[in-house]
Amino acid sequence: MPLTRVYLGLGSNIERETHLVAGLDALAGLLGDMRCSPVFESHAVGIKSGNFFNLVVVGETDLPLPELDRRLKFIEADNGRYAPERKGLPLDIDVLLYGEQVGNFNGLILPRAEILKNAFVLWPLALLAPQVCHPVDGRSFAELWASAQIDQQLWPAAFQWRGAELTPAELLVSA
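Using the numbering used here, read the sequence shown as starting at 1 and increasing by one per residue.
Please keep in mind that the hints were generated in silico from the structure rather than gathered at the bench.
As the structure is a computational prediction, the values presented were derived from the model and not from experiment.
Do not rely on the hints blindly, as some may be mistaken.
[Said to hold, decoys possible] Result set (DMTMM-like, lysine to aspartate or glutamate): computed pairs, CA atoms no more than 20 Å apart in a straight line:
hint: 1; residue 1: Lys48; residue 2: Glu165
hint: 2; residue 1: Lys73; residue 2: Asp94
hint: 3; residue 1: Lys73; residue 2: Glu60
hint: 4; residue 1: Lys48; residue 2: Asp92
hint: 5; residue 1: Lys117; residue 2: Asp94
[What the hints assert, rightly or not] Label pairs and their computed distance ranges (CB to CB):
hint: 6; residue 1: Phe105; residue 2: Glu170; range: 21 to 31 Å
hint: 7; residue 1: Val21; residue 2: Gly103; range: 32 to 42 Å
hint: 8; residue 1: Glu114; residue 2: Glu17; range: 14 to 24 Å
hint: 9; residue 1: Ala158; residue 2: Gly107; range: 13 to 23 Å
hint: 10; residue 1: Gln149; residue 2: Glu15; range: 12 to 22 Å
hint: 11; residue 1: Ala113; residue 2: Asn51; range: 21 to 31 Å
hint: 12; residue 1: Gly46; residue 2: Leu3; range: 11 to 21 Å
hint: 13; residue 1: Lys117; residue 2: Lys48; range: 10 to 20 Å
The beta-carbon is built from N, C-alpha and C at its ideal position, and this holds for glycine as well.
Please put together the full structure from these sequences, using the hints given.
This is the structure:
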């Protein structure tokens with residue numbers, strides 16, 4: 001199967017560093033040529049909880065969309081996402097874009113609506129893939145971020161993965 005470029009959104013509000021590192025480690029074994037956006041901290045949206053850490057990753061996969069989604073659910077489960085006693089969201093991984101696919105794929109709607117609704121998705125996307133265009137809207141993620149009017153608070157967060165800073169110092173200083 002040919003390689004498909006996929007963008008994934010990751011978030012955590014419980015043991016955030018631990019779960020995001022575990023998620024990134026698992027994704028590194030699943031995706032080729034994986035790159036990460038800076039990490040952002042934000043207030044919870046839609047639930048009452050502590051602050052979230054969020055980021056976006058891009059990589060290539062030869063997995064069909066249903067199989068990729070199934071494996072992402074396993075990664076979430078390995079991090080306590082579906083545990084009955086959990087008190088928050090240890091690890092959430094959403095498929096934002098799968099190639100140029102548009103539509104409803106067995107309940108998975110692409111592109112994911114949160115791209116245009118949540119600053120914690122759009123800002124990281126704009127930094128990671130500024131020239132990539134939204135497959136429905138047509139504007140680049142940089143253009144979408146520049147014109148966004150999303151009423152959410154978020155700020156860059158220092159975060160290391162595999163010895164590298166994911167959030168550049170200049171972004172932290174400007175926050």
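Each hint tested on the structure:
1. Between the alpha carbons of Lys48 and Glu165 the distance comes to roughly 29 Å, so the proposed pair goes past 20 Å and is violated.
2. For the given pair, Lys73 sits about 9 Å from Asp94 by alpha-carbon distance, which is consistent with the 20 Å threshold.
3. Of the supplied pair hints, the one linking Lys73 and Glu60 holds, its CA atoms being roughly 18 Å apart against a limit of 20 Å.
4. A threshold of 20 Å between alpha carbons decides the hint, and for Lys48 with Asp92 the separation of about 16 Å falls inside it, so the pair holds.
5. Proposed proximity of Lys117 and Asp94 is supported: the alpha carbons are some 14 Å apart, at most 20 Å.
6. Between Phe105 and Glu170, the C-beta spacing of about 38 Å breaks the proposed range 21 to 31 Å.
7. The supplied range of 32 to 42 Å is met by Val21 and Gly103, whose beta-carbon atoms lie about 33 Å from each other.
8. Taking 14 to 24 Å as the suggested C-beta distance range, the pair Glu114 and Glu17 conforms, at roughly 22 Å.
9. Take Ala158 and Gly107: their Cβ atoms lie about 36 Å apart, and the range 13 to 23 Å is violated.
10. Our hint of 12 to 22 Å for Gln149 and Glu15 is violated, since their Cβ atoms are close to 33 Å apart.
11. Between Ala113 and Asn51 the C-beta distance comes to about 22 Å, which sits within the given range of 21 to 31 Å.
12. At about 33 Å, the beta-carbon gap between Gly46 and Leu3 misses the expected band of 11 to 21 Å.
13. Distance hint for Lys117 and Lys48: a CB-CB separation of about 19 Å, consistent with the stated range 10 to 20 Å.
The structure does not agree with the numbered hints 1, 6, 9, 10 and 12 stated previously, though it agrees with the rest.
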